[in-house]
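Undergrad: Spelled out, the chains give:
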Amino acid sequence: MSEPRIVVTGIGWVTGLGHSIDGVWKRLLNAESGMEPTTRFDARTFPTSFAAEVKKDFDFRGFVKDPAVHASAGLNSQFALGACSQAWKQSGLDVKPPKDARRVGIYLGAGEGVLDFDNYVGTMLHAWDGGAGKVDGVKWAARGLAAMQRLKEIEQEPNMPLAHLAREFNCRGPAYNCLTACAASTQAIGEAFSILRRGDADVMIGGGAHTMIHPLGVTGFNRLTALSERKGDPTEASRPFSVDRGGFVMGEGSGMVVLETLEHATARGATPLAEVTGYGSSCDAYRITDIQPEGRGAAVAMLEALRQAGIDPTKRDAKGRPPIQYISAHGTGTKENDSIETKAVKRVFGEMAREIPMSSIKSMMGHLIASAGAVEFITCVLAIRDGMLPPTRNLKNPDPELDLDYVPNQARRAPVDTCLSNNFGFGGQNDTLVVTRFHA
Amino acid sequence: MARQQRSVVITGIGPIAAPGLGIDPIWSALCEGRSGVGPCSIFDASGFSCPFVAQLPPDRFDVKQVVPKSYRKATKVMSRDIELAVGAAHEAVRAAGLVTKAHEPADGRVTVPADRMGCHIGAGLIAAEENELTAALATSRKADGTFDIAAWGATGMQNLTPLWMLKYLPNMLACHVTICHDCQGPSNTITCGEASALLSVGESMRVIGRGAADACLSGGAESKVNLMAILRQQFAGRLAKASLSDDPTRVVRPFAKDAAGGVAGEGGGILVLEAAESAKARGAAVLAELAGFGASQSFCPDTVGADPCREGEGISDAMLSALDDAGMKPAEVDAVVPFGCGAAAMDAAEAAAIRRVFGDRAASLPLVTLAPLIGNCGAGFGAVAAAVAVQCLRTGMLPARVNGDASLGVDAAPAAARKAELGSVLVCTPSLGGQNAAIILRRVP
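If you read the sequences in order, they're chains A and B.
Start counting the first sequence at 1; every next residue gets the next number (this note's numbering).
Start counting the second sequence at 1; every next residue gets the next number (this note's numbering).
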């Protein structure tokens, strides 16, 4: 029995650059930046006080059938509902829903919800006994139970965006949320693909939703010195592959895709946008803070994804091109990531690596953390569709150590048939997907 | 419909919960019906609707004793949830007779090559340790005592250790475990509440099945013994109502007419899953076969998140899917380990699912209830349940059952530990959020 083919039939996103497929894509191709001063909280004194926030004109209630059902939705769930509604509509499943809801599953890489920060901190400080250096449990409980709110707390569970999507799109099949930091939604799409290949579902929603643009999220990354603390114009702060890169810039939002078996898509007359042909996953098992310096795990993930796709990374394709024509880089803009990712790509493709364009949309959209992989996967689908490569913005001072083609500053027209989408997470998680032009 | 793949067996179990680390202390507590529920020693929990918790006391578990000496420094950046996972993994690896990097073998030889070893660990929403965080927050207060975010951003946050956030990312459980045991294969962190551990076991099974790894450390861990987790349990309508003068051992009453909620527990477990062929090749003692796995999503009633679906249709879908995957009929299942947390709405849904799948047999099909003794271990619960199911199959015994009754038409009334003819056991965990996972474990001859 040959492996069933898995196709993408719907895509959707909600990002700091907008919330329509073509609107965001156009802005990416124009090398626009979504970074502005932070408004979600008063970050003026924080080392990093800018981010690519989803703008105020996004209202999830305009996307769903009955907003009252989702009255509890926090930001992650709102982003997820907005993105998935676009994907679902594009797939045509909104008009003609699947016959058996138990054959429709969801695999997300969504983040934890946003803390009810003011009430949380208020409760902690109210109950703080400085002399004892301890929080008083009874005082804490009294204040916490009075100040915090039931649905707001439940909504912080990372599986809640999944619950909202399941309700909105009537999915009763296999349902998962994984949270492997910055690799989460790539892994989610990869596992959704694996579930379909095994025959455990006919349709899978895959993707992610996340914001960490809140006081403790920014605090955590600032303490790790992972964020750019660049002064001046925030649109210039995210500088992947640049010699003066100084960390990533936080984005937020969601990317969602509808995957299905080709058989199911064909039977209902759907138009595949692209095909997923490979998925590789590995773990560095190296250190809690550092990436394995040679990019061992990243290379393993890429090689496994390529192997599944039947691609030999050392062989040119029939047109004499490298077998991969675009890599969506993890490209966070930290010193460590960009240099190790470059090493890993060279390790996989050898001499041909320099001929493969590889860009980072994080330079424009910021780092969507758990949902980064999904929006970057969508970028690959669009690159294939339009034969256009999004640029790496702010790459004016190349790092002499980094010598690949990062598509600096300007979008480029290039025929693309096969892409890699890479994401690597804190904690050593490496995930790669192969996205291919669909041929019947 | 699903494709045939390599079969998967369990060669080691490392549960951890209130009675201790490893199957022996847990199994003897379960057989004696000895409860781990009592007052909380870490903080005074009497401001909540239930003052009791099921905690694992420090004299029964110290993470420093189980990590390799060279890794002891890293225990400083382990939240409680990470400690539990690291402890469980240590025990599972020991029980399976695996040599990993953690043993620092002199010749460098390990049982399973690093790139063939995966790791899937379910995790919860990890709460920041209150005292550490509040000590830092307290440095940034205005004159009236309220929080001063400007001071926090400018200087206050420097009072948190630089690696602070890495204690609380859910995937740090797997991160530490994969570093200790050098698992470089596929690894994932599933965060679907109480379904997390069995979803992880299921994913490991699929990963091994499709040949992406030969062995996986798989399970979950969580501590709900902290202020935020207990508050959330109370908000979710899952926390028992009791006062300090009540008998803590009677508080959690799964499937009982007077079920009034659960208590916060801490624990989880890691199982060593191996491809049957590689376990055989290394001459490993096989504890049970992982015969089937199923996952599903329940309908979420309005407003999403507020209440569980009481009909339990999603739960029975997961059970039926696991049976189908194992090529078995409900009649072949000899016992069930449910979640049975003691919250009436959840118990009703589970009982409805059991009745739907097993029909007339439901009233006499033995349930193994754990929550009255170990509390709700959240993302770790399914892993304790799976380890207990393995032990039932190995020993041909069912542990004691306390506090339940037969009012929901399922076999949950009190019973002493007893011998039983067990060929296969179903383990099932629904979750807040509606994800359900079920596995079937089969005795090996």
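Among these hints, one or two may not hold up.
[As the list claims (entries may be wrong)] A few chain B residues facing chain A, derived, Cβ under 10 Å:
id : residue
1  : THR146
2  : GLY193
3  : SER196
4  : ARG282
5  : VAL286
6  : PHE299
7  : ALA306
8  : PHE358
9  : THR395
10 : MET397
It is worth saying that the hints were derived from the structure and are not from the lab.
Idealized CB from N, CA, C, for every residue including glycine.
Undergrad: State the violated hints by number, sorted upward, taking the hints as numbered earlier in the document.
TA: Checked against the structure, the hints that fail are numbers 4, 5, 8, 9 and 10, while the rest are satisfied.
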